[in-house]
Amino acid sequence: MSTDLQSRTAARPAKRAPKPTGPWRSNIGLKIAMAVSGVLLVLFIIVHMAGNLHVFEGREEMNAYAHGLRTLGEPLLPHETVLWVLRVGLIVLAAVHIWSAVVLTRRSLAARPVRYHSRKPAKGESRHAVATMRWGAAVLVLFVAWHLLDLTFRTVNPVKDVPDAYGAVVATFSPERWPVTVFYLLALVALGFHLRHGVWSAVQTIAGPDTKWRKRTQAVALAVALVVVVGFAIVPLSVTFGLVK
Amino acid sequence: MSIDYYREGEPVADTKAPAGPIEERWEKRRFSGRLVNPANRRKLRVIVVGTGLAGASAAATLGELGYRVANYCFQDSARRAHSIAAQGGINAAKNYRNDGDSVHRLFYDTVKGGDFRSRESNVHRLAEVSTEIIDQCVAQGVPFAREYGGLLDNRSFGGAQVSRTFYARGQTGQQLLLGAYQALQRQVAAGTVDLHTRHEMLELVIADGKARGIVVRDLVTGEISTEIADAVVLATGGYGNVFFLSTNAKGCNVTASWRAHRKGAYFANPCYTQIHPTCIPQSGDHQSKLTLMSESLRNDGRVWVPKAKGDQRHPADIPEDERDYYLERRYPAFGNLVPRDIASRAAKVVCDEGHGVGPGGLGVYLDFADAIARLGKPAVEAKYGNLFDMYERITGENPYERPMRIYPAVHYTMGGLWVDYDLSSNIPGLFVTGEANFSDHGANRLGASALMQGLSDGYFVLPNTISDYLADGPFEALDETHEAVVAARKEVDDRIAFFLNNDGDRTVDSFHRELGKIMWEYCGMERTDEGLRKAIGLIRDLKAEFYKRVKVTGKAEELNQQLEKAGRVADFFELGELMCIDALHRTESCGGHFRAESQTEDGEAKRDDDRFSYVAAWEYGEDAPVLHKEALVFEYVKPTQRSYK
Amino acid sequence: MKLKLRIWRQSSADAKGRMVSYELDDVSEDASFLEMLDVLNERLIAEGDDPVAFDHDCREGICGACSLVIDGQPHGPQAATTTCQLHMRKFKDGDSIDIEPWRAGAFPVIKDLVVDRSAFDRIIQAGGYISAPTGTAPDAHAVPIPKQDADAAFSAAACIGCGACVAACPNGSGMLFMGAKVAHLGLTPQGQPERATRVLGMVAAHDEAGFGGCTNTGECAAACPKEIGLDVIGRLNADFRKAAIRAA
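Residue numbers (this note's numbering), protein chains in the order written: chain A, 22 to 266; chain B, 825 to 1469; chain C, 76 to 323.
Derived by calculation from the structure, the hints in this document are not laboratory data.
In this text the structure is predicted, and so the values were computed from the model without any measurement.
C-beta atoms are modelled at their ideal positions from N, C-alpha and C, and glycine is treated no differently.
Careful: at least some of the hints might be erroneous.
[Claimed, not checked] Computed list of lysine-lysine pairs in DSS-like fashion (alpha-carbon distance at most 25 Å, straight line):
1. Lys141(A) / Lys79(C)
2. Lys317(C) / Lys141(A)
3. Lys144(A) / Lys222(C)
4. Lys317(C) / Lys236(A)
5. Lys222(C) / Lys141(A)
6. Lys165(C) / Lys144(A)
7. Lys936(B) / Lys1358(B)
8. Lys317(C) / Lys233(A)
9. Lys852(B) / Lys1087(B)
10. Lys222(C) / Lys1207(B)
11. Lys167(C) / Lys233(A)
12. Lys1341(B) / Lys1372(B)
13. Lys1201(B) / Lys79(C)
14. Lys141(A) / Lys167(C)
15. Lys222(C) / Lys1379(B)
16. Lys1341(B) / Lys1358(B)
[Said to hold, decoys possible] Covered, in the sense of this in silico footprint (three residues per stretch, anywhere, with C-beta under 8 Å from a C-beta of chain B), are these stretches of chain C:
17. 141-154
18. 170-184
[Claimed, not checked] Distance windows between CB atoms, simulated:
19. Lys91(C) / Asp1365(B): 55 to 63 Å
20. His168(A) / Leu99(C): 32 to 40 Å
21. Asn1325(B) / Lys79(C): 31 to 39 Å
22. Ala88(C) / Ala1197(B): 28 to 36 Å
23. Trp156(A) / Lys79(C): 31 to 39 Å
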């Protein structure tokens, strides 16, 4: 007969069974999950930022806006139903966003087990991203925890009266609590860098624009980042400098 | 000539090409050749060595047919074979331009271009198959250049008067090879091809007169192993690196072919080397290779040298009437588009006369000023931009502003292992495809024909002809203890042990460089009786010194690039000697082989059809090689002296 | 010119490596970077040392064999240039140059500067082709292809598979390589039937090989010697999304 036994390649090594992971657990699948959750979170952030500007209308309007959020959907739905649906949605989005980021980061670290001895500054289109996305995310996670304790649960806020949102804002950013304001602004800087890369990166991941549209998306991302940072920053700054009392 | 250099043996003949009208021969042969039942094909193992155009296409196609294929390459990936560097294009007799092309014209041009030293039957088949290659490659997704209407673009190339060359910017070889590579990887995934990268074939196993396997070294671990099969296909490329400096990749070598030759395979026409006229000149002693720029540059560039000898002025300062556009002057009909050998030799002549430019006076100008004025810089950039960029990277000079400097360099070897119409060598079961065989180009290859031949052999010819041989298989089982296998392995082990144990003091490269200089000086563009005899002596001396003084560091059981080189250079020594002997015995000039003693009054090559209308197939002999002549018969294209005036 | 080199030396895949310093005098500025290493190796051999192992073959910028991270940059400082085409005139007399191998989990070091890039072949095996067995093709003019598509396909197909994108990527990702092939084949009419299976298969093989994910930093495109742009990754993402949704 033939040469079966003698050929060194006759016995092909059995192919390793592929890991039982579907396309959505792949690097691109997770990245799409991260992008979609990120885009929705950005929309939330923009709405949140716009809502904050009610503070310039005075205590009553601001508190009415806060009250409106709690009573949204009433009397058709019980008190705070819509709010909690939105909150759960946000929690899920944040969980998806953070979980996919953690998994992808772990894979990335494993993909470069030995570091280079010499490093040159980044040359790519999003050269700040390497340095800002991950530590920025960590800052943001810490900030969100503080932010919830401060202005949602009021645990660390002097104003415990929940309906008085205006009072809580003025109290937390009062000049003598300047470290809170500084932390808030620092978190905003992190958020700005996060959005500057994250927004176009998400569009690139979901839609895959060509070069022309990618450049446009990058411009939009920068604009979104600036608007969000400025929009959020003027509230604490106004309080700290006494424009809002 | 002196009889001690070689002995003459019995003539050899191709017994496979059918008789009859030439356009029916390939069809006849496909019908007369025996077939292998599809169910039996998976019982047959075929080794393919090499993953260039000829190897990858053959391995993929044999895999698709259902044979069990083992494919080897020394590179780290099959995609890196040197076919990837071919720039210009691939010919096909599609006649898409309606400019009078046809299969017969491509056949005619190729036989004539080969200076009537190729086999008519083979060349005609090549021309027939050429059209299918384009279809095949387009189906694989090869991104050929296209017109605005979406149809394929063509250009005229290398002296052809019809536009039959298909191209993909200046990277046609890359795109064709990636097509073949992808087809190959598809078969790897399908399990029909076992691909072994970073493995080098070091010996051929012949048992009972048949080629039955190869001995390979795993270049990473150093492990020596044997692969046994029913047939062996060598697609291992050309041997231009015998010159050390050539446009070949650094790894290109003759070892697979030479090992087969030493085991009895005839080596045909080794002296036929092609010197490419448009390469970037050498810049210094550190030079490790020469870089070719596509011949398509000659479509728009004008070649000139200063009329005054040793003119050191900046080219822009040399007025029009002090420039010698020597190709246009000497060959008014073809001008800058004369065939490669003529363009190369003309460059050598003007440089030898002292008109050369650049370091050492070894260069001529290739000037695009007229083309830029005529077509505009954007058009020139669109056509040649990547070549211009490459030139600038290497030389630091901007060719839009200053003419390129070019000089000929060894580029392609028309010679190779002798094969019949079925691409079978004289050893049963040993097939040779692509540049590794002596093939279809005669004494000179036309531009854009190498890609055509490699793919023709691999996709369409070999898969159809090898079945006639394999129909007798599967052959008797062999194992590691068979005496032929043991002997082949021992030869490999001994050679490796020799190099590692040799108490030498000179590097492999230093010998290779010296060998290359001898070859270029005496067996390059112009050869003489006296020079070749001298070269043979020099090579023998150098070879003796090589075995005495070569130094190889490291171990056998590791990645050892010096050890790899040493084995290759050892074979180049023997090949180089045979090339000189072949060049010495062929006292005519033909194609890429120019014998100074055989030229016309105005310095053109003069063939001697009465005495040399044959293929010189050399058999290895311990004391001296044995010459077997295969007479060439021209029924369709009557030999004429080439004239490009 | 005089140079100080610091080169990664690692005697085998399992051995521990380290940076070793060498000094070279009298380097010609017309020499290519690899020719400079040739000169060093000739000297090392003469001194009885083991020469530096590095991958190289065509030395004209097309085979993709050469690699080397030079001063932290894959293929060195010159844009759109492979190491073999990089010439010493890009450096200055007295420069000190760090030379390291590609670093990626999917590209383990074999010896010194030589790495194993077979993971790229496995990605192609997982779908980076068009199934067109020899002999099955219709006439080449059967399907016209708009010139801009053919040109875009060519630009993506210009990838030489060197792995600089992976070496440059902070995540050791092979997306640019994979995207180039997905874009090339996806831009041709012949590539459409297998478009969905191709991208799913290749992405699975990519992850299986241990490459990281893409964070769109663009380092890959900046390092690519063939100037393949991020839009191929965009195409890859979009093709993947469509295929994954259809497969779900």
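Comparing the hints with the structure gives:
1. For the proposed pair Lys141(A) and Lys79(C), the alpha carbon gap of about 18 Å is at most 25 Å, so the pair holds.
2. A threshold of 25 Å between alpha carbons decides the hint, and for Lys317(C) with Lys141(A) the separation of about 37 Å lies outside it, so the pair is violated.
3. About 32 Å separates the Cα atoms of Lys144(A) and Lys222(C), which puts this hinted pair outside 25 Å; it is violated.
4. As the CA atoms of Lys317(C) and Lys236(A) are separated by approximately 23 Å, the hinted pair is consistent with the 25 Å bound.
5. With a C-alpha separation of about 39 Å, the suggested pair Lys222(C) and Lys141(A) falls outside the 25 Å cut-off, and the hint is violated.
6. Taking the CA atoms of Lys165(C) and Lys144(A), the gap is near 18 Å; set against the 25 Å cutoff, the hint holds.
7. Among the hinted pairs, Lys936(B) with Lys1358(B) is inconsistent with the structure: their alpha-carbon atoms are about 32 Å apart, more than 25 Å.
8. Of the pairs offered as hints, the one joining Lys317(C) and Lys233(A) holds, with about 22 Å between alpha carbons and a cut-off of 25 Å not exceeded.
9. For the hint linking Lys852(B) to Lys1087(B), the alpha-carbon distance of about 32 Å lies beyond 25 Å, and the restraint is violated.
10. Using a Cα cut-off of 25 Å, the hinted pair Lys222(C) and Lys1207(B) holds, with the two alpha carbons roughly 15 Å apart.
11. The straight-line distance between the Cα atoms of Lys167(C) and Lys233(A) is roughly 38 Å, outside the 25 Å bound, and the hint therefore fails.
12. About 20 Å separates the Cα atoms of Lys1341(B) and Lys1372(B), which keeps this hinted pair within 25 Å; it holds.
13. Note on Lys1201(B) and Lys79(C): the hinted pairing is violated, with a Cα-Cα distance of about 41 Å set against a maximum of 25 Å.
14. Between Lys141(A) and Lys167(C), the direct Cα distance comes to roughly 18 Å. Compliance with the 25 Å bound is thereby established for this hinted pair.
15. Proximity of Lys222(C) to Lys1379(B) is assessed by CA-CA distance (about 54 Å); at most 25 Å being required, the pair is judged violated.
16. Taken as a hint, the Lys1341(B) and Lys1358(B) pair is honoured in the structure, with Cα atoms around 13 Å apart against an allowance of 25 Å.
17. With 1 residues bearing a CB less than 8 Å from a CB of chain B, the stretch 141-154 of chain C misses the requirement of three and the coverage assertion fails.
18. Under the rule that three or more residues need a Cβ within less than 8 Å of chain B, the assignment of the stretch 170-184 of chain C is violated, with 0 such residues.
19. A hinted range of 55 to 63 Å is violated for the C-beta pair Lys91(C) and Asp1365(B), which are about 45 Å apart.
20. As the Cβ distance of His168(A) to Leu99(C) is approximately 58 Å, the hint placing it in 32 to 40 Å is violated.
21. Range check, Asn1325(B) to Lys79(C): about 35 Å between beta-carbon atoms, so the 31 to 39 Å window is met.
22. For the hinted restraint 28 to 36 Å between Ala88(C) and Ala1197(B), the CB-CB distance of approximately 57 Å leaves it violated.
23. A hinted range of 31 to 39 Å for the beta carbons of Trp156(A) and Lys79(C) is consistent with their spacing of about 35 Å.
In this structure, the earlier hints numbered 2, 3, 5, 7, 9, 11, 13, 15, 17, 18, 19, 20 and 22 are contradicted, and the remaining ones agree with it.
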